[in-house]
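Protein chains: 2
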Amino acid sequence: MNKLTSTLSEAIRNSGLKSGMTVSFHHHLRNGDHVLNMVMAEIAALGIEGLTVNASSLFDVHAPLADHIRKGVVRKLQCNYMSGALGRFIAEGNMEEPVEFRTHGGRPRDIALGITPIDVAFIAAPASDAMGNCTGKLGRSACGSLGYAVPDAMHAKHVVIITDDLRPYPLTDWSISETNVDQVVVVESIGDPKGIVSGTTKITRDPVGLAMAMDAVRVIKASGLLKEGFSFQTGAGGASLAAAKFLKDVMLKEKIRGSFGLGGITGYLVDMLNEGCFESLMDVQCFDLKAVESIRDNPRHQEISATHYASPAAKSAVVDNLDVVILGATEVDTDFNVNVHTDSSGSIMGGSGGHSDTAAGAKLAMIIAPLSRARLPIVTDRVTCCSTPGSTIDVLVTQKGIAVNPAKPELRQRLVDAGLNVKDIHELKALAERISGTPGKIARGERTVANVIYRDGTKIDEIKNIPVLE
Amino acid sequence: MNKLTSTLSEAIRNSGLKSGMTVSFHHHLRNGDHVLNMVMAEIAALGIEGLTVNASSLFDVHAPLADHIRKGVVRKLQCNYMSGALGRFIAEGNMEEPVEFRTHGGRPRDIALGITPIDVAFIAAPASDAMGNCTGKLGRSACGSLGYAVPDAMHAKHVVIITDDLRPYPLTDWSISETNVDQVVVVESIGDPKGIVSGTTKITRDPVGLAMAMDAVRVIKASGLLKEGFSFQTGAGGASLAAAKFLKDVMLKEKIRGSFGLGGITGYLVDMLNEGCFESLMDVQCFDLKAVESIRDNPRHQEISATHYASPAAKSAVVDNLDVVILGATEVDTDFNVNVHTDSSGSIMGGSGGHSDTAAGAKLAMIIAPLSRARLPIVTDRVTCCSTPGSTIDVLVTQKGIAVNPAKPELRQRLVDAGLNVKDIHELKALAERISGTPGKIARGERTVANVIYRDGTKIDEIKNIPVLE
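Same order as they appear, the protein sequences are chains A and B.
Numbering that gives the first Met the number 0 puts the first residue of the first sequence at 0, with every later residue one more than the last.
Numbering that gives the first Met the number 0 puts the first residue of the second sequence at 0, with every later residue one more than the last.
Here chain A stands alone, though its shape is the one from the complex:
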């Protein structure tokens, strides 16, 4: 007995997929993913149309979706993140239905609650057996954790595993088990390893970034949270990685043994695990090869599902016990609201990902951002798009000063006492405008091209269309 189907086209037909239904994808293969495009091309060839595509994130490699949207194969998109190429296409108003943006925790919530039911989940798996026990840890397309795909596997009516590495039954170290799988399709290649993981993620060399990273670590020290049992998440941006590196130095020097590192995991967090800064890593996504090797070989480096990571519909999630998270921003406003969806032109080039989930969960949610970028101020009166509510953000670190949310006077005092350069956020805004000038108003249309849905299911903002680039 096995579940092998010889072609993708046959698997799609077997799945019962019909026009108007919802298909889903995960983004662990990132910009190296072949599977979404492959599946959508077969779906289009079968004449199926009007689909909703629920993808945890969309990258530039998924630009062919634009064509499926134009031709009516795809009617609606749901995702937690969308990179610039497709983002610009959406922002320019090329899609009738607004995109639904969610968070990495809100997506599994809404899948589990039946708010966004999935008819057929297509799950790229770097290794699978013929019954669908599969993993991201093995194979030439190894991506490490498959955490974001777990809710799809658990809740989709029909689940198709797509792999380029068929292993003997039973594959014992499964992330998704056969109990949830209907079909397995073997293809030539599910992805390009070069796009799946970067060889190494790199620390910034920019002196502004390094200075902010140093200040970020000073803030963590001053907060009182950096002690036995400390837990930490940071992004894969250059300054965030530098902060991780500096934090490691402090923890080793002061012999502080933390409990866990969380999130999208990079080699820097793996180093912290191996050098004794943490007891464990809780990994929903691997960013680089070192993380992939570690999650495969080190039992203290554990894969978690998106539900376990951040879902508000779970009875608890790891973000609920997080001490500190370091996050980025394209804009922060004087109410500490953060934009990670749109750039300075109003075009879409991102999304919440785990931003608002970790901000809501962490005891200390810190934004690192330079005061201006490309001669545009980062600190503004009102963010173009509110991705993460200011009520969940505690501190903004810039190269010209550190602002503390006025709702946290005790934290502010700690930072002042530690001699940090604490400023009112309005001061930072004025400083930013003095450097970069007051930005002109972005030209925006009347059409809503995307709705931003907060992790609790409420609509937190919407994104309007922008003029079409000549």
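Same chains, same names: a pair is fine if it fits in one copy or spans any two.
Subject to a maximum C-alpha distance of 25 angstroms in a straight line, what follows is the list of computed DSS-like cross-link-like pairs (lysine-lysine):
(1) Lys314 <-> Lys17
(2) Lys362 <-> Lys244
(3) Lys314 <-> Lys156
(4) Lys220 <-> Lys247
Bear in mind the hints are in silico, worked out from the structure with no lab data behind them.
With the hints as your guide, set chain B onto chain A.
For chain B alone, coordinates are given in the frame of chain A:
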């Protein structure tokens, strides 16, 4: 943030448990379990009554349930196995509602389908963190796999973890994750290690048992299934263990590398894994200390949920890919139907467990049983209780001959060609009666004391009351 509740009584009150609801328990602590009795005593003290108790299995240690039944605290029992002490109490008609017997695969099926909803699951966990990430692999009450508790955790409205070993958050090697847990209660002791696992499970020394075990292995060899990729399950009975030992010798001698060993796992299967007979063990329950150590330390020894083991509601389960299972019987009839629920007096002293699940799944389902036991024939015209339908049983091995299900003529021919002592099952019946005499009819009442529900949800038999012992 944590989910610790200081007393069991408070946890029960927090759970919202009310009279008439359903509570559930797992049986990994076997005859050493303290948790079911502890919880039921607290429930009784709170004046809650008319409960349904859904326990994967009940052992002699759970005899206090009889008192809760008499007093109306418990109105109904659902389980997959019940040992003799409580079994006799039920068989004697002391409970108004018939017991519902299911199988290890049927129980998770009916829980997942909402046929047997659980209001509050009380899950004994040998180690847990304060958020409910928990495991059976660690702690002084370690029992290994927690496979049978997984469906309860996933589907119960409210989940209480009860542990005697609280670990720092996050416990990384969880079997049940915090995403499903509402409360954690720390108690003095969840069980008696001596009753949880036997030090070692022992091979029979009885020459009849050894002879049958040899023949069982000859049947497996002759069946043609013993080759590269072979998979195998056997019980923890003395003759079954002897068969595992002899099978290992054959596999090592003939350099046959199987794929997996399945089921309740004993040290004998661990030896087979370590000596290269299998690539992996798929473990829903550990029977002895060696199995507990192995599942903790060897990544090729994998825990599986009851759903993954055997649920017909899963998209597939491991039993679907099983080659050979060796099973026991208290009676087998000439249609190959098997009784594992009642003894020769008609009293309840067992249950399906995984018997019918593995029989249905395996390519070769073999019963080993002596022709008579305590001077009563094992092979009869019609089993007192049909636990496993004869259509799923292929071979009966007795010390006086081997009977093959007439639906399997090719298998029969293979055994004849191999020179095995193949007999018609009616011959075996006649032989059994010649040795032991025709058994007198069991005196049975009119009351149905238990319904036997097959793994697909249909009622396969019922058990009538027996006279009360003086």
